[in-house]
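Required output: the full structure, derived from the provided sequences and hints.
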Amino acid sequence: MVKNSLLLKNRKESLRKLRMRETLTAFGFISPWLIGFLVFTGGPIIASLGLSFFSWKMLTPPKFIGLTNYINMFTTDQLFKTSIGVTATYVLIAVPIAQVIALGLAILLNQNIRLSSFWRTVFYVPAIISGVAGAVIWRWMYHNELGMINNLLSMVGIAGPHWLYDKQWALMALIIKSLWNVGVPMVIYLAGLQGLPKFLYEAAEIDGAGEFVKFKHITLPLLTPVIFFNVVMAIIGGIQTFSEPYVMTAGGPQNATLFLGLHLYQSAFSYMKMGYASAMAWIMFAFILGLTILQFKLANKWVYYENTES
Amino acid sequence: MKSMNIQKLSRREFLKMAGAVTFAGLLASCAPATVKTAEPEATQAEEIVPTSAPSTNEMVTIRYGRHDAVDGDVENVKVFQEMFPNIKVEQEQIGSFAEKVPALAAAGNLPDVFRSWEAMCLELVRADLMHDLQPMVDVEPEFNPADFYENWWNWPVVAGKRYGIPDVIAPHVCFYNADLLDEKGVPYPDKDNFTWDDYVEKASKITDPANHVFGSETLPIGWTYFHLKMVRQNGGDYFSPDFSTCVIDSPEAIEAIQYWADVLLSGEVMPSPSQIVDVGGIGAVAELMQAGKIGLQHDGVWVMNNMILGGFRWNVVPEPSRKVRDTITHGAFNMIPKTTKNTDAAWKWLNFHCSTKGIYNYGLVGKFPGGRKSSNLIEPHPWIADVPFEVNWDVIPQALEYGHVLPGPANEGECMKIIGDALQAIYAGSAKAKDLFPEIAPKVTAVLQQAA
Amino acid sequence: MAANYSTSPQTMSSYSFLKTGFNLRTFLFGNRFNPGLIRQTISYGILITLTIMFLLPFYWMINTALKPSDQVFTAPPTWVPNPPMWKNFTDAITNSYVGNQDTGLNMLPIVRYALNTTIITINGVVATLFSSSLVAYAFARMRFPGKKILFLGILSTLMIPFAVVMVPQFIIWNKLGWLDTFLPLLIPHWFGSAYNIFLLRQFFMSIPMDYDESAIIDGATHWDIFWKIILPLSRPALAAVGVFAFVFFWNDFLGPLIILSTPKNFTLTMYLTNFTIPYMRQTPWNLYMAAALMITLPCMILFFFSQKIFMKGITIIDFKR
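Sequences listed follow chains A, B and C, in order.
When you number the first sequence by the numbering used here, it's gap-free, plus one each residue, and the end is 310.
When you number the second sequence by the numbering used here, it's gap-free, plus one each residue, and the end is 452.
When you number the third sequence by the numbering used here, it's gap-free, plus one each residue, and the end is 321.
No lab work stands behind these hints, which were simulated from the structure alone.
Please read all numbers here as calculations on a predicted model, not as lab measurements.
Errors might be hidden in some of the hints.
[Said to hold, decoys possible] DSSO-like mimics (lysine-lysine), calculated; alpha carbons at most 30 Å apart, straight line:
hint : chain 1 : residue 1 : chain 2 : residue 2
1    : A       : 17        : C       : 228
2    : C       : 147       : A       : 9
3    : B       : 367       : C       : 87
4    : A       : 81        : B       : 443
5    : A       : 216       : A       : 301
6    : C       : 147       : A       : 63
7    : A       : 214       : A       : 301
Structure representation (structure tokens):
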């Protein structure tokens, strides 16, 4: 009996030791990120949190003002409210549509069609064009008289709106432009599709499964980790959208495209209110974090990992 | 017994981790203090006694920062190097001015000599980051302050202290396409007597929307300061002279903006903003002019480059005015931050750059006249281009005499946002100046008076 | 709930539920038509339509790049420039806007900028691939306390906009003396990128544990599994990360703009920016587009040829030793 309990004790010991080893190894693997965070990113991020309780013109030292920034944000700043509306509209429309198109394209291009390399490059090229150049091209495309879009529309007899100069259409113009960048999630979906084990499909075909069944029961479930990634990142990025409105509309006309990210940027550098911008950043952060945690919790229900541990 | 992964911690892995942890510790200990102490390391309030002292013999490097392209001042650097072999001038391009300048200031690392546009100049002065240059000017032999145009010379002066010295200046004038005016049978503007009503009348005779031809170029709506020009031409202003209150609700200002808004909205004189591409953002909107589709345009002298590319015959007159002959003149101020370690050398460079020849050389690059009257006497004049027809070139330097510098209010970004939004609404026709301006004037005044 | 396919060969017989005999294809198209052909036609049809829509802006870019100056702003727009100015491409390189800057080297500025950009990009790609996969592996395959919180922490760094972090970071660079050097653009990327960590973690978690378990039985360490099993099996994902990283660094605009100040260090994106400096002269958009096109070329070529790696499916490792 003593021998048994000794064995048990030794077993528990070695279990603990192994766990500790695994933890140490894990931290070894993670050490690059940890070091980077400590040295480069952590400080500034924490600094910005602290600065949100200060007023900081950057040219002069920060001044402590407590919660004033946060209070102003929700009471006196009309533009903040406007920017929330603009950003929410954009995310709710652009994100789902973009994901559906990206996935559809990836499936389309995953088949054995001729010149598949060419097609994939075609859809990814927009994402390659440098941000500012792309925005300039689209400003031009949306131009009322010199732009391609209205000229093409007029060929079929439709008088296009003034797009970027029209309060009603400016946001829609930016949404359409964002769809031009579906190449990035598309490439990720492609990588996901390419990584799917072929023998599953072969086995299914032997059993006589049709296209739709194969898609629904093999492709989709195995793609869920990738879908999850793309959706989470699209939302995180979408809420922070900044460079398109910055270059294409400067928030206009009349704040119709004043995204939260742009209002934040203008508060920081145009109005030189870095403290206030930091407060906005952290409100944005809290919201995105909450949304992301929610998605992770929901993920347990629909995302399927091959790992037996998740 | 799911995942009892039997791992052997290899030596390699252990060493890796130990190394990583140590490295992290080392780096963390050298990590700089947080940002809370963001004060620039201002040198104590020493009184500068510059320039009469002979230069030392050690090699000194001066950073000269500007927002435009670095090759802008190559000639001056070369000549300066020959005069002062032990001072090396390194030109720095500060792209994204609005972001990088505050960052540099917060880091205490502004260049030794720094060329800044108007509003940023005064913001930096308010933050007490710049040297008073008056003592240096006083000691400098043959500086000749009276040589500068008064409006520019006296602008960056706060409480008797002088913080910046101008170099080149780009005025706004009115260009017209002589060929197009001839074609439409419209007489040329009179350079001594040119009113708003003249301008609009001539422009409406030229406008032919069906052929995409317009009498006047459109108004750059996104460029809030542009409209200050018209307000001033009617006797008003955005701000009081000491930038303490917003006076945009004066009848003159309301009248001025509404006049041009009505002109724009009538569609009979100028294209609407959506009809120009304006991909370049604010500033140089001259695309249709270059394409020969515009009769008249009043904007900065850089438009001249487009006129030349257009290939037609053109000419220049002063801006049209109403009650007051006025125009905007653009430029920048050269300043010396307090954080410089080589005040003496910095001043030498600044002094050279802003000397008669220095300003002239710099003006040659952008084809601009200079802030010194003597620079504008040197031939060939920078603002004169080689074109095969006659142009009223004197109009350009003449504008420097009656033109005014842009304002430099506190919290300029926010003020401009409020005013800009109002202008957008007025020019879109969704509001009237007489309703909006009285509404926003107190708001802007409140922003102006916000403590730093 | 999606059917749970285990990948071990024994359970493949669970496909039996599919033997219902109902075939949608036959139902819709009967046995006479070749459904493959219809599907092909639809596929190509959609593809071609979308391609035209996607390439339209790109066509406009090329169109503008080839225009002579007086056709840039015509209304209605010129669809085909006449004559096509191939000279614009060489002009964009030697144009006085950007061509005369003293870069301290006896070469055309654009060559210098291209070199700088290449250094930053190659470093960035290698650094990102290496560090992000390392960290991702830990989250995909290992157990340790605080894993969930830490992962959320990593993700959280993506949720703070750059604008509010920029100035504090700038102050750090200044204190380190790294301003106007490449260091801030090279070093931080060796410490993992949250976006790619997340991406690779998802991919790694899709790889069945069977391979791991076999390897462990054979005495492999975590490093062995990482290097010899997970990485080779993740080729498409790694290719995606590599291409993204390349494009990101090649086109990175704000980073270099803030850090660099002397031309000898400038990158290609700053080359483009110099075309658009306000107040000095109007931007020659035809030259700008020509330059932008040339800058895009390496990314396009890279992506096109990287397709090979995307195409390779999983290589199944034989564990029978």
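Here is what the structure says about each hint:
no., hint, in the structure
1, 17/A / 228/C, "holds (26 Å)"
2, 147/C / 9/A, "holds (27 Å)"
3, 367/B / 87/C, "holds (26 Å)"
4, 81/A / 443/B, "holds (18 Å)"
5, 216/A / 301/A, "holds (16 Å)"
6, 147/C / 63/A, "violated (37 Å)"
7, 214/A / 301/A, "holds (21 Å)"
The structure fails hint 6 only (numbered hints given earlier).
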